[in-house]
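Going line by line, the protein sequences match chains A and B. For reference, each letter of the first sequence is one residue, going 1 to 513 in our numbering. For reference, each letter of the second sequence is one residue, going 1 to 356 in our numbering.
The set of hints was computed from the structure by calculation and includes no laboratory data. Glycine included, every Cβ here is placed at the ideal spot set by N, Cα and C. Check each hint, because a few of them may be wrong.
Stated by the list, open to error - 27 angstroms max Cα-Cα, derived DSS-like pairs, lysine-lysine:
#, chain 1, residue 1, chain 2, residue 2
1, A, Lys21, A, Lys284
2, A, Lys284, B, Lys155
3, B, Lys243, A, Lys130
Unchecked claim - Derived CB-CB ranges, DEER-like:
#, chain 1, residue 1, chain 2, residue 2, range
4, A, Leu139, B, Glu6, 34 to 42 angstroms
5, B, Ala221, A, Pro98, 20 to 28 angstroms
6, B, Asn267, A, Glu36, 53 to 61 angstroms
7, B, Asp48, A, Gly173, 58 to 66 angstroms
8, B, Gly270, A, His421, 24 to 32 angstroms
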Amino acid sequence: MFIGVDVGGTNTDAVLMDGVKLLAKAKLSTTPDVTEGIVAALTEVLAQRPSDGTVDGVMVGTTHFTNALLERRQLTPTAVVRLCLPATTLLPPLVDWPGPLRDAIGGFTYMVPGGHEFDGREISSFDASKVADAAKEMLRQGVRAVAISGVFSPVNPAHEIEAAAVISRVAPGLKITLSHENGRIGLLERENAAVLNACLGDVAARTIQGIQDAIRSLGLESPLYMSQNDGTLMDAGFAARFPVLTLSSGPTNSMRGAAFLSGVRDGIVVDVGGTSTDVGALVKGFPREAAVAVSIAGVRTNFRMPDVLSIPLGGGSVIQDNPLRIGPDSVGYRLTEEALVFGGGTLTGTDVAVAGGLAQVGDSALVQELAHSFVEQATLEIQHRIETAIDQVKVSATDVPVVLVGGGRILADNSLSGASHVLRPEHGDVANAIGAAIAQVGGQVERVYSLESTSRQEALAEARAEAINKAVAAGAKRDTVEVVEIDEVPLTYLPSNATLVRVKAVGDLAQSR
Amino acid sequence: MWEANEDNLEAIAMGAGILGTGGGGNPYIGQLRARQAIKEHGPVTVLDPEELPEDAQVICVGGIGAPTVGVEKVRDLQSLYALRAIEEFTGKKATALISNEIGGSNSVEPLIPAAMTGLPVVDADGMGRAFPEFQMKTFFVYGVPCCPMAIADEKGNTVVISETISPAWAERLARAITVQMGCVACYAVAPMTAEQVRRTAVLNTLSLARNLGDAVITARARGEDPIEAILGTCPGKILFNGKIADVDRRTTAGFARGSLSIQGLANYDGEQLAIEFQNENLIARRDGQVVCTVPDLICVVDSETGEPVTTELLRYGLRVTVLGLPAPDLWTTPEGLAVAGPRVFGYDTDFSPIQL
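Excised from the complex, chain A in its bound form:
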């Protein structure tokens, strides 16, 4: 059995799953100290555990680290070392960061010799003494984490690795993040992701330890896994090293959960919440990734992120008449006090759904006085917005299955244009926690190969083997690992037939299911 938990801004959801069967679910309010809410949700689902049931793992998806960045709380003082000189000096590390966030982590940056050209030649030789000087200075400044980036380190990571060795010798206490271990070509964005990862070190270590303690306090021996933004899991130790990978895992989990509940592998998922609706595309059961830079807390990154379109429409969206206005403001978690059907004074999306006969929530008598024509107009507009979002997210012009999940899915009708059919799976209200519970583990490689010195077959074989090893390192059972994505991008203008190869492998967790 597995337990899936989703810690959102408003709710903490938990599910207990035996294989593909849902045994119990719970929906509670998120608490300021997230572990309290997790304990409460776990307690509720564990109460319904069969007496002979063993929990093989607890999978947690959370927006907690995203919120730490947004609120600039508990961030580790972090330095950045870039191996680049004499290149790239006009745009030093942290150049385009929001000032308050840069200040919150200290803003210590160092540029030193090193880095590589696109074809693997050195820009300049690695200089250990310059890195050692920087490390000593960091110690004086009270820095506790360091992100190391190198020009073209995805092609040749040698200098990043050498710099890490020097820093751990000179300043053994510093937590180190190397940019090439995650992230893609694109120096500034990859470096930014490494810095975000480094500065989340303390809060990640503390939160993950807290969740682990909570699990133990309930008498569970099961290992803890954290959800990644690409829909796969990592074990707790790996997550503590790479907390940046958890950012934006919420929409991914709900899409994976929707795929699981509905059986749809390729289609569109519409997750209607209280304030917003997330629309994303499923490709072979996984969320499609964004191709362009994604900004997190105002910082540009090129992280693996689900390509989700968020529109301000949900069950709590405030609706005004004459002229019709839907959202973007929402009553949010106060829905059960403020919506008309709950005796409140604010007209919301939920009220329109009840008045239009789409849902039975609260007291329908309280919305009887709404004009029929107005309800119809608002319902059509809501429908239209969802249909437009679906159409923007679709990968081809043909009609595809649409899966509706989330607490606010009552807002949508079953006759959505662009949909071959509309599914509303049972337990769709906790799709995100289910998505966490059923996640697989994966590994991804992205590297530029020169197809003059290496044959295409050799390059692909090398990348595949490395992706599979990465998946196993992340906790996957080797014989279940399969390569799910191979992407080759020939690089424009480059000679020597340079090609960017991206390979992703996923497999089941190395545990009994």
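Based on the hints, put chain B in the right spot on chain A.
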């Protein structure tokens, strides 16, 4: 005379994105570099070509290399180094700088050495749009020599090409040198006179870019139609409006080639527009009929925001409006068309200017 500064840089970059006709690459890094140079060294004076003194020495600087490498080995001060190298080689000091093209990051490249040296930038460029190759500049079409030119990397290496038999040869040699420099370099071409600039450059394009960007940003803030704002700023017309139904991409001979198909919406319901691109948008056909070709500008912008959509960002479902803007007159002469007309890019069709 006006000033390029931190406040109007975003507008300049956005306008240059529109005039880039799908090419010129992602302008983010170019804009960030120019912003950084201006922040450190102060704003740049932009001179109207009429304001150039007769004895002006105007040097064209630009970036050369692979955009895919430029996002990793981010350009540094190469254009300043190239500028110094060509000054030394020719023994002539620059009194002003000029952009080689007004699309993408190259449009703002001269702002970096200009901010650092205090030199002004001329409100003009060598394309009035974006093109993929060095020789496709109005300067060279109308007799300005493309050599000597200097190429510089970030390490301190500079190469001067003193003489070539044609601008196309300069492109070929410069490209090979750039590869050895790590695929990211900048060049500077021997000075032009004020008379040469006024006669062979596409004039007032930096202010056009700024005005276009301003118009879009202002329209957005007021909730007005950014497309109307664009067409209220420069001559042009809507060629089509719809959503992208298909994008077909392939990389051949070092260029991003491909085609996109747009399915009509509203006034264009039931119709289809196809665009072929080679870094830049080259030819548009509406239901099979050619409606616009190079050197006229085929600009794809987001219908709602007016944001330019470069070819690497094209994808299914985007709501786009396709604008046709008339090419600068310098391109529509027989000499201009011989360098950048549809036949140069392999299309068996004659140039027929869009009718406004």
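* Asked: Holds or violated: 34 to 42 angstroms for the Cβ distance of Leu139/A and Glu6/B?
  -> At 36 angstroms between Cβs, range holds.
* Holds or violated: are the alpha carbons of Lys21/A and Lys284/A at most 27 angstroms from each other? -> holds (21 angstroms)
* **Outcome for the supplied range 20 to 28 angstroms, where the beta carbon pair is Ala221/B and Pro98/A** => Since the Cβ atoms of Ala221/B and Pro98/A sit about 21 angstroms apart, the hinted range of 20 to 28 angstroms holds.
* Asked: Is the straight-line distance between the alpha-carbon of Lys243/B and that of Lys130/A 27 angstroms or less?
  -> Violated: Lys243/B and Lys130/A sit about 53 angstroms apart, past 27 angstroms.
* Asked: Taking only the CA atoms, is the gap from Lys284/A to Lys155/B under or equal to 27 angstroms?
  -> violated (47 angstroms)
* Return holds or violated for the Cβ distance of Asp48/B and Gly173/A against the range 58 to 66 angstroms. => holds (60 angstroms)
* For the range 53 to 61 angstroms, tell me whether the beta carbons of Asn267/B and Glu36/A fit it or not. => holds (58 angstroms)
* Between Gly270/B and His421/A, is the Cβ distance one that fits in 24 to 32 angstroms? -> At roughly 26 angstroms between Cβ atoms, His421/A and Gly270/B fall inside 24 to 32 angstroms, so the hint holds.
This entry does not satisfy hints 2 and 3, going by the numbered hints stated previously.
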